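> Sequence:
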Amino acid sequence: MDRHSLTLLTDFYELTMMQGYFKHKNQNETVIFDVFYRSNPGGGGYAIAAGLEQAIQYIKDLHFSEEDIRYLAGLNVFSQDFLDYLKDFRFTGDIYAIPEGTVVFPREPLVKVIAPIMEAQLIETALLNIINHQSLIATKAARVCFAARGDGIMEFGLRRAQGPDAGIYGARAAMIGGCVGTSNVLCGQLFDVPVKGTHAHSWIMSFPDEYTAFKTYAELYPSACILLVDTYDTLKSGVPNAIRVFQEMRNAAIPLTFYGIRLDSGDLAYLSKKARQMLDDAGFPDAVISASNDLDEFLIDSLKAQGAAITSWGVGTHMITSRDCPAFGGVYKLAAIKDRAGNFIPKIKLSENSEKITNPGNKTIYRIYDRNSGKIKADLICLVDETFDESSPLLLFDPLEPWKKTKLPGGSYRMRELMVPVFLNGECCYTSPKVMDIRSYCQQELDTLWDETRRLVNPHKVYVDLSRKLYDIKIELLNRMGQT
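Residue numbering for the sequence shown follows my numbering, beginning at 1 and increasing consecutively.
Be aware that a few hints might be false.
Each computed PhoX-like pair below joins lysine-lysine, with the alpha-carbon atoms no more than 25 Å apart [unchecked claim]:
id: 1; residue 1: 474; residue 2: 356
id: 2; residue 1: 273; residue 2: 375
id: 3; residue 1: 375; residue 2: 333
id: 4; residue 1: 407; residue 2: 461
id: 5; residue 1: 333; residue 2: 469
id: 6; residue 1: 333; residue 2: 405
id: 7; residue 1: 434; residue 2: 196
id: 8; residue 1: 469; residue 2: 25
id: 9; residue 1: 407; residue 2: 474
id: 10; residue 1: 304; residue 2: 196
id: 11; residue 1: 434; residue 2: 356
id: 12; residue 1: 215; residue 2: 273
id: 13; residue 1: 304; residue 2: 274
id: 14; residue 1: 274; residue 2: 215
id: 15; residue 1: 461; residue 2: 404
id: 16; residue 1: 356; residue 2: 23
id: 17; residue 1: 407; residue 2: 469
id: 18; residue 1: 405; residue 2: 356
id: 19; residue 1: 434; residue 2: 404
id: 20; residue 1: 469; residue 2: 23
These aren't lab readings, by the way, just hints derived from the structure by calculation.
Nothing here was measured: the structure is a model prediction, and the numbers come from that model.
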């Protein structure tokens, strides 16, 4: 098997549809598909786009190996002429996307594919798999980091992730969302991100006593000495033994550059406050108190509200699996078909659920910022040929309740187009930044949100509006479909 190709990472019906297009001689019909999602994960006010680097690699490697062709032939579904076509298959279209780390909102295209319909159809499943997963975990990580109010969050989820890939790319996404490090060494190697960790209870239990375990660990790692204090009794044994080791290190003139304790069980608020007092009384006010144990954003927020003396958090299961909201819900919908004259004809999907009705046409997105504060006012989905003058008033309206309107005075706002070209004519024209650079960009993006949008419960909604031109096309299509 070609280990570097994910070409067969697709749903079977993508291939049967491809053969149908091939047989009906419309395989070269150019179409537009949009990747978007309908609601923010976990009831939040935003999401974080992630996964583009892996999506790019997938497209670059897209081809059918000889083994792939043999396998498909053995299914006795595909004709020989179609299989012969697949032997030389390559992606030749265009892809536009919102860069990783960008704050995004429901219904706006995260990725736009413009390509012959066979090519566009094949890549649907893998694109959704990659973008959905990493956007979900990046969003969860951003929420966890927000709850920690500036404290460092370490990603500790590898052993609880749903398989190696979910562990590796989930950790990557968590770093984009704001984590300061990961326990995942392979992720650290692949993406040049900080790896962090302490030791397990088994380390303590393998020694004759807790003090000897702590002392041995401190001798091995004096510059990164975080001791796990809850193996036997946190306040009666663990913290006193940790203090004894710290005192011995100080007496031996060993610099205490990064040191402290980790709590992994019990009442974290109570234990951390008691431990803080004990460490302070012993002369170690700068000792770190870190915590783990099935943490999520809501528990961290509660512990912070209780005055927990924790400044570093290890978050595993709930973040790497996004346990409370395990699916991002991104979809891939046809938006337009190019006619013989070279014009894109808008297409729309109807539904009894209004939120499932798609936005037609060849679109792009402008983010609208308040010029004074730099905060996001709204996002505007429009057609690619539309232009706007920031010195003129801008009328925004809710596309679902169009009587709700806001008029922004000229000069009071600025606009930024979010989508960038990634592939043009099948060639990649985009260079993915390093993960830590994406992380920094993501922090800047999060700073453009109002505090009311970032809160964990009942956040303020950022409106995603349609331009008047796009709205009119959508209504025209809806009316036309309603008459058939």
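> Between residue 274 and residue 215, does the CA-CA distance stay at or below 25 Å?
22 Å, holds
> Going straight from one Cα to the other, do residue 333 and residue 405 come out at no more than 25 Å?
28 Å, violated
> Keeping to a limit of 25 Å between CA atoms, is the pair of residue 304 and residue 196 held or broken?
Satisfied, since the Cα-Cα distance of roughly 23 Å is no more than 25 Å.
> Regarding the pair residue 407 and residue 474, is the alpha-carbon distance no greater than 25 Å?
22 Å, holds
> If you draw a straight line from the CA of residue 469 to the CA of residue 23, is it 25 Å or shorter?
37 Å, violated
> Measure nothing beyond the straight line between the CA atoms of residue 273 and residue 375; if it is 25 Å or shorter, mark the hint as holding.
Answer violated: residue 273 to residue 375 is near 37 Å, above 25 Å.
> Between the alpha carbons of residue 434 and residue 356, is the straight-line distance 25 Å or under?
35 Å, violated
> Going straight from one Cα to the other, do residue 356 and residue 23 come out at no more than 25 Å?
31 Å, violated
> Holds or violated: are the alpha carbons of residue 407 and residue 469 at most 25 Å from each other?
17 Å, holds
> Do the alpha carbons of residue 304 and residue 274 lie within 25 Å of each other, as the hint requires?
Judged against 25 Å, a Cα distance of about 15 Å means the pair holds.
> Are the Cα positions of residue 375 and residue 333 separated by 25 Å at most?
Violated: residue 375 and residue 333 sit about 30 Å apart, past 25 Å.
> Take the C-alpha atoms of residue 474 and residue 356, compute the straight-line distance between them, and say whether it is at most 25 Å.
Measuring from Cα to Cα gives roughly 13 Å; hence the hint holds.
Checked against the numbered hints given earlier, this structure breaks hints 2, 3, 6, 8, 11, 16, 19 and 20; the rest are met.
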